[in-house]
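Chemist: Sequence lines, in order, name chains A and B. Counting from 1, one number per residue, gives the positions in the first sequence under our numbering. Counting from 395, one number per residue, gives the positions in the second sequence under our numbering.
Just to be clear, a hint being listed does not mean it is correct.
Straight-line C-alpha distance at most 30 angstroms; calculated DSSO-like pairs for lysine-lysine [as the list claims (entries may be wrong)]: (1) 349/A to 327/A; (2) 200/A to 128/A; (3) 97/A to 128/A; (4) 21/A to 743/B; (5) 415/B to 349/A; (6) 248/A to 349/A.
Far from chain B, some chain A residues (derived; all Cβ distances over 12 angstroms) [as the list claims (entries may be wrong)]: (7) 5; (8) 278; (9) 380.
Simulated from the structure, these hints should not be mistaken for lab results. Here a beta-carbon is modelled for each residue, glycine too, at the ideal position from N, C-alpha and C.
Residue strings, one per chain:
2 protein chains.
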Amino acid sequence: MLPQGFSASGIYCGIKTDASKLDLSLFVSDRPATAAGVYTTNLIHAAPVALDRSRTPSQAIRAVVVNSGNANACTGDRGYQDCVRMAELAGTAVGAKGEEVLVMSTGVIGRFLPMDTIATGITTCRSKLATDNDALVRAASGILTTDTRHKIATRELTLGGRTIRITGVCKGAAMIGPKMATMLGLIMTDAALAPADAQKLLTAATEDSFNCISVDGHMSTNDTVLLVANGAAGGATLTSHDLATFGKVLAEVCTELAIMIPTDGEGATHLVTIDVEGCANRDTARLIAKTIAESALVKTAIAGADPNWGRIVSAAGYSGVPFDPAKVCLWVNGMQLYLNGAPVAFDAKDASRSIRENRDTAVRITFGEGTAALRFWTTDLTAEYVRLNADYTT
Amino acid sequence: MLPQGFSASGIYCGIKTDASKLDLSLFVSDRPATAAGVYTTNLIHAAPVALDRSRTPSQAIRAVVVNSGNANACTGDRGYQDCVRMAELAGTAVGAKGEEVLVMSTGVIGRFLPMDTIATGITTCRSKLATDNDALVRAASGILTTDTRHKIATRELTLGGRTIRITGVCKGAAMIGPKMATMLGLIMTDAALAPADAQKLLTAATEDSFNCISVDGHMSTNDTVLLVANGAAGGATLTSHDLATFGKVLAEVCTELAIMIPTDGEGATHLVTIDVEGCANRDTARLIAKTIAESALVKTAIAGADPNWGRIVSAAGYSGVPFDPAKVCLWVNGMQLYLNGAPVAFDAKDASRSIRENRDTAVRITFGEGTAALRFWTTDLTAEYVRLNADYTT
Numbered sequence: 001m002l003p004q005g006f007s008a009s010g011i012y013c014g015i016k017t018d019a020s021k022l023d024l025s026l027f028v029s030d031r032p033a034t035a036a037g038v039y040t041t042n043l044i045h046a047a048p049v050a051l052d053r054s055r056t057p058s059q060a061i062r063a064v065v066v067n068s069g070n071a072n073a074c075t076g077d078r079g080y081q082d083c084v085r086m087a088e089l090a091g092t093a094v095g096a097k098g099e100e101v102l103v104m105s106t107g108v109i110g111r112f113l114p115m116d117t118i119a120t121g122i123t124t125c126r127s128k129l130a131t132d133n134d135a136l137v138r139a140a141s142g143i144l145t146t147d148t149r150h151k152i153a154t155r156e157l158t159l160g161g162r163t164i165r166i167t168g169v170c171k172g173a174a175m176i177g178p179k180m181a182t183m184l185g186l187i188m189t190d191a192a193l194a195p196a197d198a199q200k201l202l203t204a205a206t207e208d209s210f211n212c213i214s215v216d217g218h219m220s221t222n223d224t225v226l227l228v229a230n231g232a233a234g235g236a237t238l239t240s241h242d243l244a245t246f247g248k249v250l251a252e253v254c255t256e257l258a259i260m261i262p263t264d265g266e267g268a269t270h271l272v273t274i275d276v277e278g279c280a281n282r283d284t285a286r287l288i289a290k291t292i293a294e295s296a297l298v299k300t301a302i303a304g305a306d307p308n309w310g311r312i313v314s315a316a317g318y319s320g321v322p323f324d325p326a327k328v329c330l331w332v333n334g335m336q337l338y339l340n341g342a343p344v345a346f347d348a349k350d351a352s353r354s355i356r357e358n359r360d361t362a363v364r365i366t367f368g369e370g371t372a373a374l375r376f377w378t379t380d381l382t383a384e385y386v387r388l389n390a391d392y393t394t
Numbered sequence: 395m396l397p398q399g400f401s402a403s404g405i406y407c408g409i410k411t412d413a414s415k416l417d418l419s420l421f422v423s424d425r426p427a428t429a430a431g432v433y434t435t436n437l438i439h440a441a442p443v444a445l446d447r448s449r450t451p452s453q454a455i456r457a458v459v460v461n462s463g464n465a466n467a468c469t470g471d472r473g474y475q476d477c478v479r480m481a482e483l484a485g486t487a488v489g490a491k492g493e494e495v496l497v498m499s500t501g502v503i504g505r506f507l508p509m510d511t512i513a514t515g516i517t518t519c520r521s522k523l524a525t526d527n528d529a530l531v532r533a534a535s536g537i538l539t540t541d542t543r544h545k546i547a548t549r550e551l552t553l554g555g556r557t558i559r560i561t562g563v564c565k566g567a568a569m570i571g572p573k574m575a576t577m578l579g580l581i582m583t584d585a586a587l588a589p590a591d592a593q594k595l596l597t598a599a600t601e602d603s604f605n606c607i608s609v610d611g612h613m614s615t616n617d618t619v620l621l622v623a624n625g626a627a628g629g630a631t632l633t634s635h636d637l638a639t640f641g642k643v644l645a646e647v648c649t650e651l652a653i654m655i656p657t658d659g660e661g662a663t664h665l666v667t668i669d670v671e672g673c674a675n676r677d678t679a680r681l682i683a684k685t686i687a688e689s690a691l692v693k694t695a696i697a698g699a700d701p702n703w704g705r706i707v708s709a710a711g712y713s714g715v716p717f718d719p720a721k722v723c724l725w726v727n728g729m730q731l732y733l734n735g736a737p738v739a740f741d742a743k744d745a746s747r748s749i750r751e752n753r754d755t756a757v758r759i760t761f762g763e764g765t766a767a768l769r770f771w772t773t774d775l776t777a778e779y780v781r782l783n784a785d786y787t788t
């Protein structure tokens, strides 16, 4: 369900060659909304990232227009002008200024947007705007590329006697590396937020969600997560305790969305949850988790249901994080494989069966360096991933 | 051909289950030799790495014993004692002290060495020692794991009127990441070298060879490259100009050996040479090269003969190296795909055919940050790599 004051639509307008898919979505707030964004840290970033970055945080956002099938990345000045024009077209359609619109694009890199197609598409999108769940699902579908399913998460909470809703959508199935979201995400809420608070809460929520996932470790040029808060639930701008409560629920929504990405990772047969504990701080925990998550040898071992603790602990060993090897312990799916720096006897057949028969794999690795812990999600690496990415076209 | 004063042998003794392969090799100098080593920087390192590190640089090395099929890694105190014992057994066999022997092991992690098998094997190895090329090939084969071919490089040079030979062997096909060799290598020479010089030359040669290759970016626990110089060619210990000349040829041998590793990379259908130019320094050039080389999306694109410049430049963009995106240019197989930050028109079919029809792929990416350049080698990523590593057993 959309939060109050929001409407949405998603259509096929002809950017993708496959007309059975959707490729253009519009999300509209019926009043000016606070908006915050977090973006790829890739030096090579797409036009919509540059545009949105210049427009957030804001108190005057009315719409977000998103196309899939074309990333509008590495397209130079013309690409940036196309992006500005896309915002203008969406603004005109919903009765707002171009500057009050944010843009996201995803798909192939290095091609110019088909602006005529997009102009016609935006008009159609405008005519299909609705507030029901079908409209939300269609809008969430219009932002997908190789994803096999749409990704929506919703929470409701009560603050000051008013019901507040937070609804997020996201996309991503490959070119997913942590350290900025590496995907598209849009979180809408009818809460009233000050721009600086919106930015702070979104940045914090992203840190433990979209920055804790990896499919292939390749950071994209278009990563963007937007938070749009229109205050339609009524009540004053959130502060102090209510703001903190809202932030906690926002983080839940972001985490739920983030996990959907590796769950739908290209070719993946396992969702791998990596718990790293006993670290000096969260940054070192994240670096260890990321190094394990991105090891092709760890990922292929899990694809092959191989409880290969050696690949996991050796990946931790080359992460660059200093630790005492004699204090490392490791569990896979609850079975201890490694204790204080040495392997322990375990039933390899049992461990292998446990990996093979469950889509979820739980890796837990502990160190003796401190109390910081972090949870990270990734996929296994299968021949199907290779096939999909060796043969990729629009 | 072996350098003067060296003999070698390689046998099957029963460490591997497949008796059609070799699994134990012995390299012997007929006199005490100078030895230097470079080792994995992985915090989780194997017993032989700890042992050899404590024994190099040295002026008193008589033999190097190497087993494959078992890495003697993550085996704790018992593993270390086994390693010491292995050196003693080899020393006794060739009439030297245990301390005069270096050890290398490669294969599966976390199992104790079958010491009885190895003891018998070393005696057999002793009886087969020879100086001919067949013996060298067998010794070079006894160190292999999933490699499909043995790896030997030889050079001769004349210094002070004497012919000096440098002969190296190495192994490695997966768990290959740069920043220390991530493989085993042994370079023998009949030149006379001071230990400190040997160490300096080996470290420098490794930097531009074994530290410039990657198959899967996973740094192993056992990486070791040894240089053993016995002076059997006669003449004084090398200094000044002769030492520099020797160092240059040593670097050639290391580079030739290093390239053999991704050439034989698991499942690889392409050897990818990445030239990074116009960087502020070699460290930033290496980081960019490594990030491109380890991108699963770049590697699968090359496997699929896709001239996907977007994946290459976006990998450079998230390498962490600062650069001006508007000065980036890219060529693949000599065809320019990207000029000053924007794609250029090119014949995609031609570019794809060029990748598909050649085993070698040349990627050249230039920046406007300085004059440093670096060459790096990697493989593509195929479904066969995944199959090999999802189903890996001894």
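Chemist: Quick check for students: does the CB of residue 5/A sit more than 12 angstroms from each CB in chain B?
Modeler: At about 36 angstroms from chain B, residue 5/A clears the 12 angstroms cut-off, so the statement holds.
Chemist: Between residue 97/A and residue 128/A, does the CA-CA distance stay at or below 30 angstroms?
Modeler: Cα-Cα ~20 angstroms, so holds.
Chemist: For residue 380/A, which was marked as not at the interface, is the minimum beta-carbon distance to chain B over 12 angstroms?
Modeler: violated, 8 angstroms
Chemist: Hey, does residue 278/A actually stay past 12 angstroms from chain B on C-beta?
Modeler: holds, 15 angstroms
Chemist: Going straight from one Cα to the other, do residue 248/A and residue 349/A come out at no more than 30 angstroms?
Modeler: This hinted pair is violated, its Cα atoms lying about 41 angstroms apart.
Chemist: Assess, step by step, whether the Cα of residue 200/A is no farther than 30 angstroms from the Cα of residue 128/A, and give holds or violated.
Modeler: violated, 33 angstroms
Chemist: Hint check: residue 21/A vs residue 743/B, CA-CA at most 30 angstroms. Holds or violated?
Modeler: holds, 27 angstroms
Chemist: Could you grab the alpha-carbon distance between residue 349/A and residue 327/A and see if it respects the 30 angstroms cut-off?
Modeler: Satisfied, since the Cα-Cα distance of roughly 26 angstroms is no more than 30 angstroms.
Chemist: Need the status of pair residue 415/B, residue 349/A: alpha-carbon distance at most 30 angstroms?
Modeler: holds, 27 angstroms
When held up to the earlier numbered hints, the structure conflicts with 2, 6, 9 and fits the remainder.
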